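Enquirer: Assembling the complex is the task here: the two chains are given apart, and the hints tell you how they should meet.
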Amino acid sequence: MIQINKRKKIKSTKDRRNFLKLTTTSMAAVGSAFAIWPFIDSMNPAADVLALGSKEFDLSNVEEGSSKTVKWRGKPVFIKHRTKKEINDARKVDLSKLKDPEKDEDRVIKPEWLIVVGVCSHLGCIPLGQKSSDTKGDFDGWFCPCHGSHYDSSGRVRKGPAPKNLLIPKYKFINENKIKIG
Amino acid sequence: MVKKFKNKTLAWLDYRLPIFSILREALVDHPTPRNLNYWWNFGSLAGIILVIMIVSGLLLSMHYVAKADLAFDSVEHIMRDVNYGWLIRYIHSVGASMFFLIVYIHIARGLYYGSYKSPREVLWWLGIIIFLLMIATAFLGYTLPWGQMSFWGATVITNLFSAVPLIGDNIVTWLLGGFSIDNPTLNRFYSLHFLIPFIIVGVVFLHIVSLHKVGSNNPIGIDLTLKQEKIPFHPYYTIKDFFGFGVFFIIFSIFIFFLPNSLGHPNNYIPADPLVTPEHIVPEWYFLPFYAILRAIPFKLLGVLAMLGSILILFVLPWLDTCKVRSCRFRPVYKQFYWIFIFNFIVLGWVGSKVPEGHYLIISRICTTYYFVHFLIILPILGMFEKTLPVPLNIFRTSKVKKN
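In order, the protein sequence lines correspond to chains A and B. Counting with this note's numbering, you get residues 2 to 183 for the letters of the first sequence. Counting with this note's numbering, you get residues 9 to 412 for the letters of the second sequence.
This is chain B alone, in the form it adopts within the complex (with noise of 0.2 Å):
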């Protein structure tokens, strides 16, 4: 046996137990690529808030009640009386945000660089599967405080699966587990907003296997052969990471400390009323796109399954986009659209937060169209007859070029 550890304890249980030799390859000797540019940081910065959304979480749910009667008091009573109640619960709210936040940043970087291509499906998948779970989860949460934002939200998003052919109603209704949000909705929601983040944590741990299996992207996009292009994890990355941790935090407490409601909807503290629908139901910011794109379309199933298409549209995105080249570096063209595709996004969520009404249902029917369009026409046309720059052999960029 080979020795891996000096200490000898340490090696004796390693030796029965291999979690120290896999924490070692993965947080020390993992080769990484050398030229990884300040966007590879939110991978590790949503490992971060995840934590901080599990702890914080954790503490929140010592205090806090899921009886309709009394669960808006009880987080009254987080924020007044509990030591500390305040600034746990703005960290988990504003943590939501910046979660999303974080997950959106990620996303974009891993379409811009290609992330998604061969060989690496399977962990962009696993990225979408999470997404996904954060999207149910904080819609869950959402839930939870039982304000009056909370509770018609709640009832929109439910009411989705009432477009289901046939049997929608009974579906609402089993979901609900009465005939509209009441009691058993908020304990139920509460059982599984607890449980999906540990969901979460496996589908991440199956993320990382993943990608230490294929290894990290790169600016480049190209495939690392030589030693030098790659250097351990320790302490090149893990500092830089510690470092993306220093920022963060900074904006992330000004958020909790100056502006911990800016980014949530005043109408959710006023207490749920089943028999008042408030004048304008928004979600919360990081779910306007989507929202925009169910509201764009006039017809109830068709809207839901165009909201639902729009996400599970990446999943197919490795075989969409065509172009063999990764990175947007070498495709002049694709740079182009993808910058426009992300203005496109932000506007959706923009229009999203507006009545959809005369020019904004307009502008919304556009954006949702031209997101399609983007995934199902732009891409695969253009991996055909975009010419792209002569990509470099390896990343040092001595040596020959290849050509394309």
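Excised from the complex, chain A in its bound form (with noise of 0.2 Å):
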């Protein structure tokens, strides 16, 4: 009986620092988890570099039929005017014949400016198109020479490797002709 009652104590205390062993080590884990996060952070965009977040553009300079690029947090904005017969090719699409299917109403504020960055969706190379000289590719937008990614003329991935279209960026029309990047 004393033999047993020994045996259940000694089992009890073994219990005991297991216990406290895993309490301790998890805690320690998530101790230095919490430690490791600035380290990993620091890698982060500084603040200097979130600065750079936003820009003005004004748009009375763009043609119709023509288009600019402006330098965004590093990346190239297409800023592109379009004309009436763009603008109806983009909305008579077959959303079903899309490969990341978007209304071309849900990718522009006024139909007639598309704002996209101008950053291949595959592998991040810049799509040609916007120099009147360039090939537009076989859709009448971009064409990336990298991978031989087409894109329409709402920046829509038409053909090729790309997985989805131009990206939109945050902006928004401060009047009439100048718009907010960012």
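It is worth saying that the hints were derived from the structure and are not from the lab. Computed from a predicted structure; not experimentally measured. One should not assume that every hint holds.
These stretches of chain A come out as covered by chain B in the derived footprint (C-beta under 8 Å, 3 or more residues) [to be verified]:
#1 23 to 31
#2 84 to 94
#3 132 to 142
With a Cα cut of at most 30 Å, we get these calculated DSSO-like pairs of lysine-lysine [to be verified]:
#4 A:K56 with B:K362
#5 B:K75 with A:K69
#6 A:K132 with B:K362
We put the CB at the ideal spot given by N, CA and C, even for glycine.
Expert: Structure representation (structure tokens):
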């Protein structure tokens, strides 16, 4: 009887010890996870990089049918003054045929102004089509020379390896002729 | 205590700090198979080029400036103004190509003679880890001159991480320290490019420790049990390795002095422009086979996984190859497949340099499929059905023959 009690006692102290070990190590693990965060976060964009987050642009110089490129957050933003035909082409498309289905109406604030980040959603190259001499691809928008993705006049991917449409940056119209990106 | 050194001072010191006996064991006494051929030179060659890369890199770092608006000019400053800067830079840039060439041959030797099989699995793993670290170092280093290929190569490769579901874009931003490749990216790439080679040195050390534990494989691929089958490392293999260095330095010098830019891309002499993508982005030649695998698959995430998998699959190779016989010499069927595999890998490199359209795309898909079929289907099945040739019991081939 005494023997059994002793064994029980040993077993319970063992359990206590294991419990303490477990809780101590998990607290240490949680603590180190928190301690590591500043190191990880230090590699995220710094305040001065984030401060370059917004940019104003005057639209009055962009004629109908042409485009301009602005640098925003180190990336080019395409500002395209679309013609009636380009708007109609973009709106006629059957959505079920698109890889990343999105209505043209949802991609613009004012239909004549298409504003997209000019970075191919495949591996980050800059599609051609901004200059009048550039190839615009098979869908009258942009063409990425790196791996051959084609974008239409709404910046939607139509052909090639890119998985997504050209990104729409956050922007708003400050007045009739001026936008603020970011 | 056994007196290991006649010199009293040396003996006193070694008793307290045994690095001398360790070095003597490794570089002088180490019993090495007597039948190693020249393919076994590539390990020591990889070692010497690693030292050359670290020394030349250290000297370059004294003149290079890791700042986006100064980096390109500082490289030109090294080329034009720094005493022998052109030489040191060409040694470093050509050296990277040579390092990969040597390591590819070193790996191919391991594949041919079955050096990855038991008991050398960990030795093999350490080698693959070194290879992965080399890939990282080479990629980071290629960014530093801040030319067009540097910039856009870095863009394409860092964007691979955006294929990660859900948090992909956050990872890319974190890696870049911004929303595109810019100064913060260059700074951290430089810092890591400086660090990783020393990690490589550490893993190389483990690679050698493991090698000395299990001993070198040999062209016959059998376990050596007789004393006469081994000879001391010095002078036999030191002299052979030095001879190898001599031959290698001639080839290295031809590239440094006569063809320094033949292995690079001319676009990298155009300063990086974040608003203009070059017509055709290609990585350095030593990444082309893996680049071809990446582009062969039309889905971004799958392509990235296939590219990673093509290297990671080497980790399980010791178990995928079910054949007990190590050396290709006694595996007539595997030998054929081995050369098909090597040819397939070279073709992958070739299509990797082409625009992935039309028949190039088809070739890259066939070769990518074959790459994985080789490891996942051919090797396991071959081990079960291949009739291997009789393997000798020792390297003198005098006594009885072991039946398989």
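Enquirer: Hint by hint, where does the structure go against what was stated? Just the numbers, ascending.
Expert: Hints 1, 2, 3, 4 contradicted; others consistent.
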